[in-house]
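> Each chain, written out:
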Amino acid sequence: MSKYGIVLTTFENEKQAEPVINEIIKNKLAACIQEIKIKSHYIWKDELCHDDEILVLIKTRKEVYPELEKKLLELHPYETPEILMVDAEKGSKAYLAWIDEQTGKG
Amino acid sequence: MSKYGIVLTTFENEKQAEPVINEIIKNKLAACIQEIKIKSHYIWKDELCHDDEILVLIKTRKEVYPELEKKLLELHPYETPEILMVDAEKGSKAYLAWIDEQTGKG
Amino acid sequence: MSKYGIVLTTFENEKQAEPVINEIIKNKLAACIQEIKIKSHYIWKDELCHDDEILVLIKTRKEVYPELEKKLLELHPYETPEILMVDAEKGSKAYLAWIDEQTGKG
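Protein chains in written order, with the working numbering: chain A, 1 to 106; chain B, 1 to 106; chain C, 1 to 106.
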């Protein structure tokens with residue numbers, strides 16, 4: 001496992017996502033955040049739902065994950081937002097150094 | 001490694017993807033499935049191909065992976081569909097509990 | 001950790017991405033490469049940037065990662081391109097064999 005991770009969450013739309021994204025970046029909890037248009041399928045309160053959403057990929061350092069999760073739970077409008085982190089096993093030296101720098105470790 | 005994973009596969013289009021997606025969710029083999037429009041590049045039978053496809057991200061529990069893989073291979077129209085699983089090293093407590101619940105473990 | 005991984009990088013647009021993608025596939029450094037339209041948010045030289053970009057997912061064998069990283073750094077127009085690799089913990093037997101074959105190991 002490395003020191004770096006990619007955190008995934010989703011929002012209803014860009015308007016809902018972007019204030020949270022800006023807040024996370026300004027608080028140095030991520031180096032880069034990417035938005036992707038998706039269609040989500042899931043069962044919520046016994047009903048099969050099909051919604052357009054925005055998937056957000058947050059590239060960060062694992063050391064800040066607890067604070068990032070806390071900030072997401074604080075700012076997120078969903079009752080139970082998706083928050084998952086995937087290990088970034090490897091990366092180019094310069095890019096990882098940039099993540100360090102952008103998340104207050106550089 | 002955690003108990004949770006994200007399984008990736010692809011389909012030609014939404015029409016092809018959605019019956020399989022609904023089947024997986026109804027069989028409690030995933031909590032949430034996300035569709036993303038992509039362009040794929042690969043060599044197939046010595047020819048460099050460039051196709052519009054749908055990438056599907058399946059958020060689930062690793063314990064059901066063998067059954068999920070079997071179901072995907074059974075239902076998938078491709079000869080050799082992409083089926084990869086990535087470890088979800090961390091996640092928010094409530095979201096992981098929701099995955100447990102949606103995949104028959106709650 | 002498995003022998004397989006998914007490498008992520010980004011480009012400004014498809015026109016910039018596709019010559020690099022073709023080069024990587026022809027050099028057997030990846031089995032399949034997927035392009036996704038995204039919106040990126042990050043701070044660059046003290047300015048909060050919001051750019052349309054292309055996220056590229058490169059499905060490959062970890063053994064070729066050093067060469068793949070070298071090739072990306074050689075061909076990529078960015079000063080510090082994102083290059084991260086995520087472990088593909090599991091996959092269907094046939095698909096993993098196909099990755100082996102496409103990356104010169106089959």
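It is possible that part of the hints are untrue.
Stated by the list, open to error - Mimicking BS3-like on lysine-lysine, the simulated pairs with C-alpha atoms at most 27 Å apart in a straight line are:
| # | chain 1 | residue 1 | chain 2 | residue 2 |
| --- | --- | --- | --- | --- |
| 1 | A | 93 | B | 90 |
| 2 | A | 26 | B | 62 |
| 3 | B | 15 | A | 62 |
| 4 | B | 15 | A | 45 |
| 5 | C | 15 | B | 90 |
Stated by the list, open to error - Cβ pair distances, simulated, as ranges:
| # | chain 1 | residue 1 | chain 2 | residue 2 | range |
| --- | --- | --- | --- | --- | --- |
| 6 | C | 63 | A | 3 | 36 to 44 Å |
| 7 | B | 66 | A | 13 | 31 to 39 Å |
| 8 | A | 49 | B | 3 | 18 to 26 Å |
| 9 | B | 50 | A | 26 | 36 to 44 Å |
| 10 | A | 47 | C | 70 | 47 to 55 Å |
| 11 | B | 93 | C | 45 | 19 to 27 Å |
| 12 | A | 49 | C | 26 | 38 to 46 Å |
| 13 | B | 14 | C | 16 | 23 to 31 Å |
Rather than coming from a laboratory, the hints here were simulated on the basis of the structure.
Predicted, not measured: the structure shown is a model, and the values here were computed from it.
Ideal Cβ placement from N, Cα and C applies to all residues, glycine included.
> Now look at each hint and say whether the structure bears it out.
Hints, verified against the model:
no.	hint	in the structure
1	A:93 / B:90	holds, 24 Å
2	A:26 / B:62	violated, 35 Å
3	B:15 / A:62	violated, 38 Å
4	B:15 / A:45	holds, 25 Å
5	C:15 / B:90	violated, 36 Å
6	C:63 / A:3: 36 to 44 Å	violated, 23 Å
7	B:66 / A:13: 31 to 39 Å	holds, 36 Å
8	A:49 / B:3: 18 to 26 Å	holds, 24 Å
9	B:50 / A:26: 36 to 44 Å	holds, 39 Å
10	A:47 / C:70: 47 to 55 Å	holds, 50 Å
11	B:93 / C:45: 19 to 27 Å	violated, 38 Å
12	A:49 / C:26: 38 to 46 Å	holds, 42 Å
13	B:14 / C:16: 23 to 31 Å	holds, 28 Å
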